[in-house]
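There are 2 protein chains.
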Amino acid sequence: MPTIKDVAAEAGVTSTTVSRVLNNRGYISEETREKVYSAMEKLNYMPNEMARNLSRQKSDYIGVILPSVEHPYFSKVLHWLEHYVTKHNYKIMVCISENSREKELQYIDLLYSHRVLGIVVCSHIGETMEHLDSNCPLISFEREIAENIPAVLCDNYQGGILAANRLFDAGCRNIAIFNQPTKENIPAYSREKAFMKCCEDKKISGRVVYTDRLAPLSEEFGNNILELMKKNSDLDGIFATSDVMAANIIRACKKMGKRVPEDISIVGFDDTWISTLTYPSITTIHQPVREMCEYAIEAIVKKVKSEKVPSQVVFPVELIDRESTK
Amino acid sequence: MPTIKDVAAEAGVTSTTVSRVLNNRGYISEETREKVYSAMEKLNYMPNEMARNLSRQKSDYIGVILPSVEHPYFSKVLHWLEHYVTKHNYKIMVCISENSREKELQYIDLLYSHRVLGIVVCSHIGETMEHLDSNCPLISFEREIAENIPAVLCDNYQGGILAANRLFDAGCRNIAIFNQPTKENIPAYSREKAFMKCCEDKKISGRVVYTDRLAPLSEEFGNNILELMKKNSDLDGIFATSDVMAANIIRACKKMGKRVPEDISIVGFDDTWISTLTYPSITTIHQPVREMCEYAIEAIVKKVKSEKVPSQVVFPVELIDRESTK
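First to last, the protein sequences are chains Y and E.
Letter 82 of the first sequence, counting from 1, is numbered 96 in my numbering, and no numbers are missing.
Letter 21 of the second sequence, counting from 1, is numbered 35 in my numbering, and no numbers are missing.
Read the hints as simulated data drawn from the structure, not as lab findings.
Heads up, none of these hints are tricks.
Below, computed lysine-lysine pairings styled on DSSO-like, alpha-carbon distance capped at 30 Å:
#	chain 1	residue 1	chain 2	residue 2
1	E	244	E	197
2	E	19	E	49
3	E	56	Y	117
4	E	244	Y	268
5	E	197	E	117
6	Y	272	E	268
7	Y	268	E	269
8	E	244	Y	340
9	Y	340	Y	207
10	Y	245	Y	272
11	E	272	Y	272
12	E	272	Y	268
13	Y	319	Y	101
14	E	117	E	317
15	Y	319	E	56
16	E	268	Y	269
17	Y	340	E	268
18	E	272	E	216
19	E	316	Y	117
20	E	117	Y	101
21	E	197	E	216
22	Y	244	Y	268
23	Y	207	Y	197
24	E	268	E	340
25	E	117	Y	319
26	E	340	Y	268
27	Y	272	E	340
28	E	56	E	19
29	E	101	Y	117
30	E	19	Y	319
31	Y	244	E	268
32	E	269	Y	244
33	E	268	Y	268
34	E	319	E	101
35	Y	56	E	319
36	E	216	E	340
37	Y	244	E	340
38	E	269	Y	269
39	Y	340	Y	268
40	E	272	Y	269
What you are looking at is a predicted structure, and each value in this text was computed from that prediction instead of being measured.
Could you put together the complete structure from these sequences and hints?
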């Protein structure tokens, strides 16, 4: 692979001159610039980004830690993070934590040692994070980690209200939220709190049905949902805390001979592509993932420039009406 | 952030000694090693991977170019590539090409300039690739690019035969393959060729139905499938060249009042998570994505060590029986 020296020799200039052309620093005559560019083209020279990064002691990578890249919510998040990282001329380094706290911490150390510009952590599962490097901006996505770490969230509480109201408007009077067992700092908990508050206000029967902690894309999870549906066969409306869960509930209803939405209405959450592929398609709460990702990357860029960013930003959600509700 | 110099000062040794401890080079007494490690721990020192990479003129990144990270096939591929890249202690840099040849070439240049160890290109859409750097191993995933670029494929021809035979065994005599318009070097073309050959051999009616070139996860694609299903309402069996397409066909059948599998049998391709989430679940052709990804990363590791790798490896596929076929 040709080096700066080769380019300099080919162009008949010094390496310093080539470097100045590359970095657009100092005065260079148009003629010299032309000579250097021709030499680069002739030798098919590629600038060494590694060397440039080292000289400024920062890479141009942004690290992203996700629990999964297969779940449609996180693959949507990854899609838009890559989009905005690339737009800012940075590169994305992807780390899959598989919901393991140990892996998350290992990945954070690894990203630090690669001198990434910043890190976006999606759905952090642990408690306090130790040895955080304050020089490396960290943004928490859809989860609150600690006070000093800016969080990008959607309005989960509002989502719970929209879902409960939609089921109420569909005529449902015996409803449930299907959720994974949650802790207070987890978004799904806000959805649950809002949903139950709404049922209370409207004086209708509302309950929480907890699923097992299974991989959401596994067949086991589908079987678990079917069991729970059989145990709760009196329900006439369900708010599922993800579209994947809603799709599993639709499948369970069909197995049980229940018609959606005639016998039971279902509202999902996220508005991922799966919500338009099932039959019936899924009425859901839209998370503005694109805007949230744009904001997360801009927050890192700002923090790199030592600009201040808000400690928490909450994006509004929206109800999308489809076929799974009356 | 503490540097090697700080660690050396803290431990009372020279920077060279610290570097030798870090890189496990030359003789270092146990006592000195202990002192250096304590100093690192005390200062919370992180080795600078950027600097280490520069000194060996290679990064420890492997680049991956994918058309999408949202499509369940490619998100499965990314999941397993990340798994095996991490297993080899390398890091993954993800580039989303969105099926644009221009973006693919830009990303390849970018990956070269970051001195990646190697590149896996998934579903390359262009023709010949220019200015390929022979120092940087490139592996083509599920697509043949050129003779000098090793390709990792699944047995698409065999997949077409298995699908046609499965429909024949379900009693279907009027069948079609739903495909996107393809070129000869594209895997879906082999599936089509095998499928039509099988129909001919069995003397049953077989046809090719081409969909429009639409984003496979969009609602527009679903509408296109519904239109095509209405135009081909005589069919009693369909081989869809992806599970996502099969899910769209199931949705279209329900909209038309056709029962799956009673009125029409459907076979998908890929065996992604969507195939167990629809109702009925999808009988499909399993691609051994995990094994293919393991092989692709090992091929890059071998090429980095200047070992030879086969120019093409074809992995066997398998029929997975589920509910969408009689």
